[in-house]
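Chain by chain, the residues run as shown.
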Amino acid sequence: MTGGARSRLLKLAPALGAVMLFAASCASDAPQDTLKPEGPAAQKIDNLIKPIFGIAGVVMVLVLGGALFIAWKFRARDDDDFNEMPKQIHGHFKAEIGWTIAPALLLAVIGAFTVNLIFDLAQKPEKDAVQVEVYGQQWWWEYRYDLNGDGDYTDIITANDLVIPAGREVALKIKSRDVIHSWWSPRLNGKKDAVPGRVHPLTIEADDPGEYIGQCTEFCGLSHAEMRIKVVAVTEDEFSAWTEHQQQPFEKPTDEAAINGWGSFAGQCTSCHELTGMIDPSSADDPSDATDEFVFPQQKNQVSNAAPNLAHFMTRSTFAGAMYDLRKDTPECTALGTTWASTDDGIEKCLNRTDLEAWLRDAPAMKHMAPGDVASLNSRGMPNFDLSEDQIDDLVAFLTTLK
Amino acid sequence: MTTNDGALALGSGGALTAPPMGVFARAGQTKGWRSWITSVDHKRVGIMYGAASLFFFVIGGLEAYLIRLQLAQPEGKLLSADLYNQVFTMHGTTMIFLVVMPIGAAFMNYLIPLQIGARDVAFPRMNALSFWVFLAGGIVLNSSWFLGGGADGGWFNYAPNNGVVFSPSHGIDFWNMGLLLTGISSLVGAVNLITTCLNLRAPGMTLMKMPVFTWMSLVTQFLLLFAIPVLTAAQVLLMFDRLFGARFFDVSAGGDPLLWEHLFWIFGHPEVYIMILPAFGLISEIIPTFARKPIFGYPFMVFSGIAIGFMGWGVWAHHMFASGIGPISVAAFSVATMFIAVPTGVKILNWLATMWGGKLRFTAPMMYSIGLITMFTIGGLSGVTHAIAPADTQQTDTYYIVAHFHYVLFGGALFGFVGGWYFWWPKVFGYKLSELHGKINFWVLFVGFNLTFGPMHILGLQGMPRRTYTYRDGYGFNFWNMVSTIGATLIGLSFLYFFWIIFHSYRAHKKAGVAVGPDPWDARSLEWSLQSPTPAHNFDYTPTIEVFDDFWHRKYGEDEDGRLVPVATGAEIAQPGNGEGVHLPSPSYWPIVLASGMPFLAYGLIFNLLLVIPGVLLIVGAMIGWILEPSTDPNADHGHDDEPSGPNDTSDVAVEPAANDEGDAVADEANAPEEVAAR
Amino acid sequence: MSDATYVVSDGHTVDHMDEHPPTSTGISNEKLGMWVFLASECLLFGGLISTFVLYRNKVLPSAPGETAEHLHDAFDIAFTSTSSFVLLMSSLSMVLAVSAAQRGDMRILRSWLAVTALLGTVFIAGQFYEFYEFSAIEGFGFTHSPAWSAFYTLTGFHGAHVTIGIVILLVTLGLTFRGRVGQHNAEAVEIVGLYWHFVDVVWIVVFTIVYLIK
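Quick note, the sequences are listed as chains A, B and C, same order.
In terms of our numbering, the first sequence opens at residue 1 and continues consecutively.
In terms of our numbering, the second sequence opens at residue 1 and continues consecutively.
In terms of our numbering, the third sequence opens at residue 1 and continues consecutively.
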């Protein structure tokens, strides 16, 4: 009976461990699961850690089972003579040397594999890797692409969605504009901190097209929980189409509401937001005749010195630090990919107008931010501008032209 | 014996004597609250450390519960993001600096002098000072709740998020000042206890005969001695940045945020061992007692503790694997971190080997000790998985880490402490905590603990980042967060239960009118050779030590067949508790006066420098008084009234014979009435 | 009750033992405590020195438009060397004070204590002058740049230690007049000396790293 109890116990423990791992890895919908790698880097990490989880599980079962076994076997019995002392053992030198050396050897083996992988993951990315600068700031991510390899990362400036070609390496250069953040998309690779004043490289690659969710993982203040990351992996063809589209110049709006919104944008929003190549609507009497490029102020009213560049805003799927969907999260809309807003029909069906308007109405109510006093340049996040409903409609109309 | 005439009554022993400065009478009370605030008795200081830590534990626990309530469901609305950030920061800071560290200090203060056969610590007044400064620090830190909000940068408060620009409230200033004060307290305590351990050992108590707890405490104090000043340096930089416009962490001027990370973790990693080693020491006393065997491999236990202490300095950057410190550093720290598991593993296997072949009595302290071994093993193994640096980049700053450090700090340190409370309670207060309730309490806590922190492993691996005030539906986080919150409720209940057990056991003890004998557990170290509660003067005469576990070896000898047999009970060979002729360090006002100047400095630096003036006056005045006051009042009578250190008047004691019962079988009978000695 | 196994050690009476308990190491508690404390101080200065070394080149121009100057361009090595020499000499006078205390020569003891405090004060005065020179005349204040913040913090912390040392010396001096310090507890002077020498040694390190190494 006792042996039976013991073996039951020994069977139970790994079963419990298995249940835990199962629960962790097979939860129905866990887009940030660290145990479901979908890129080479994450896969390598997974290949290393899964066996180690196994070893740790065995050690755990042995130690915990051993402790329970010892506790049960050597328990004092009711009928024991209290004065009967157990054998007094002061130690066993060889055994102790043994259990000093054995784990050390085991760890040395694990250590060798670990060091190997550390240097493997730190290798320079391949030559054809997409070059992207990643800027963390309170509480969103900006992505700047260098497409032609000239070291100038302004070919595309975008935010929230990191669009990459599946099956090709992407060399990220991670930076910060204010505090320390950490860029993490767990199914592609481990995290890397964005430390102001430093550049940290990280190579990611997605095996297949798809969306890979992540979020900031170094505490960075108020809305740390809502500083989200979305990697959108597309096919090579879609990627070249996307890059080409992103480099298209600004198109002046034509419809009246959008023109009004353009004016409001140039008047108010540009003290923080940029919009690559925007024409200054006030450079001609009639905005539709305007040709001069808008001169954005050097000094932004932001601690971190910038708000998202809104060029080709409508190719993104999220806004407000990837906290809110810009493109509705329905299978139909998601299937439209980055070109969802290329048609009026797409905008009609898929634009998340409710949240976008609410954001313009009162941004701080939508996301915890510290807009502070814009005039004193200590603003962190977007303030409430007390816009009228008409202004909001105009601005939305303008934003929807930023295809 | 004096009678207790209330707080204002003067004890007859230390009568008011000639004012040392011609102004103040020397403190002389032995009873009432004044006797506590002027006490320099290491036992009272230890008790006050324990009581204050429990108070802060309640605060930190409430903060923890707020966190769990907020996260019970997705999109929790109980706390705003701002408040949540303050609550988790203050929870971590409180639990580390105001709970785990000072509970360790409570045990160390109380037990070290007793275990090495000393009258008191080397510097009794400084000992009182370190407690009062600690309390001042705790109050300054927590007063932030009433003065504009708590710190909101997380307990490691990375730069530059800890700067004025990003944290404009005074919360982080309070954090900084409060921890500078607790740092002073730790430093004073470290100097004191290291000197005590090295210098005040009884004749024959060589270093390699010291109990394991004293050894672990000594290692801990050395870690504090060297780690605290590094934190202090970092905090000074932060203070100058925040309050006086220095540019240490101003990135635009060339400041480097990683400087803070390095300084913080050079302190912060030894800090981990500062928190766990005292608990390791405690269960190294408890397990041999209830296994009725000596600790297995004493030298290995000692040297593995020392090894942990040394290696703890070479692994700090494993907190920074994602910080971009370069692959060579990462590889070096990764391997170093793995190997710190070796001495820890040695300890765990040696505890198990101590139990092996023993006759295990499953008393409440023993159960908590086994709880520590098992739970710490889980925490240690998850720790090894963090040492795999590439894997750590997936795990760090997720709930997997939160699970890990709660398994080592709650399942490790706190389980050890609770076990220690059950074990030493009779020595400190003269009555046992209920064994039956203690065991039930253990199971409630054990289940609650695992329900709370076990699921966090899963949450972390599913990618739930720590320090987030909210999470979304659809990420697979919902179920386990709810489980965790239910577990936290159980933990809360188990501590309410614990407080009730204290009350209940005290009442049972009062009703029975019987105190436990000097050696209720048939234990091994010197403190059990004294009456319970420990007399104010500790030892009637200094014991001479011949072997490790000397007290135990006086109780057991070998018969003609070489079999081990009891030759005397603990009660028979215990010192009778007659303090006649003993001259104790006299109580003093100056430690508390000096400490009371500290908050003025803290508030002065934060709010208005004018407040610094009264602070400086108090501190300088107290120092002058301190220097002019001899540590032992030459005018005090010999032969203090021998008040027990505990708050309970147990002057009439019927000594219970050494426990020759099987603890768990008789459950509550430890406090059962026995014949009260004739008055 | 049998207590045959316990003996009162060394034939001291219990009472007498309490007055002057022999220590396990043979070093007095006070002296050992001071050594332990100074070991801790090493790490405090270690942290601040590391900060300085990391930041020594993080300089900014003294005014917009000018080029950033290195700290050494502001230093007057000759001046600081002189004040360093004064501080080193105070270690010598401290040694003489300790020796006088051990001999019980109170007059000489007081003189050397006073001289040590005076030399320390001269050093501090020099530091004040230097700080004034850098901040008010040359425009490199505490808040100027990381390098200067680190400079003032490191040297200022050392200065604070010297100042505390001066106060301790003066208190010791005062206590000699009350008969509380003298031959009977010459060790007290020795312990003060330990602190003082430590502060001097730290200055040698700080001076070398801050002023001499470019």
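Be a bit skeptical, because a hint or two may be false.
Unchecked claim - Every beta carbon over 10 Å from chain C, so not counted as near; a handful from chain B, in silico:
#1 Phe123
#2 Ser169
#3 Ala190
#4 Phe226
#5 Val236
#6 Phe248
#7 Leu259
#8 Ile266
#9 Gly268
#10 Met320
What the hints assert, rightly or not - Covered stretches of chain A (in silico footprint by chain B; criterion: 3 or more residues with CB under 8 Å from a CB of chain B, positions within the stretch not fixed):
#11 39-49
#12 104-112
#13 185-193
Rather than coming from a laboratory, the hints here were simulated on the basis of the structure.
Each residue gets a CB set at the ideal place from its N, CA and C atoms; glycine is no exception.
Hints, one by one, checked against the model:
1. Phe123: 6 Å, violated
2. Ser169: 21 Å, holds
3. Ala190: Not fine: 7 Å to the nearest Cβ puts B/Ala190 too close to chain C.
4. Phe226: Contrary to the label, B/Phe226 does not stay out of reach of chain C, its closest Cβ about 5 Å off (not over 10 Å).
5. Val236: Per Cβ check, B/Val236 is inside 10 Å of chain C; nearest 7 Å; violated.
6. Phe248: Answer for B/Phe248: violated, closest chain C Cβ roughly 6 Å.
7. Leu259: Given that some Cβ of chain C is not farther than 10 Å from that of B/Leu259, nearest at about 6 Å, it is violated.
8. Ile266: 8 Å, violated
9. Gly268: Holds, since 13 Å exceeds 10 Å.
10. Met320: Per Cβ check, B/Met320 is outside 10 Å of chain C; nearest 16 Å; holds.
11. 39-49: Per the Cβ count (5), the hint holds.
12. 104-112: Answer holds; 4 residues pass the 8 Å Cβ test.
13. 185-193: Since 6 is at least three, the answer is holds.
Hints 1, 3, 4, 5, 6, 7, 8, counting from the list given before, are not met by this structure.
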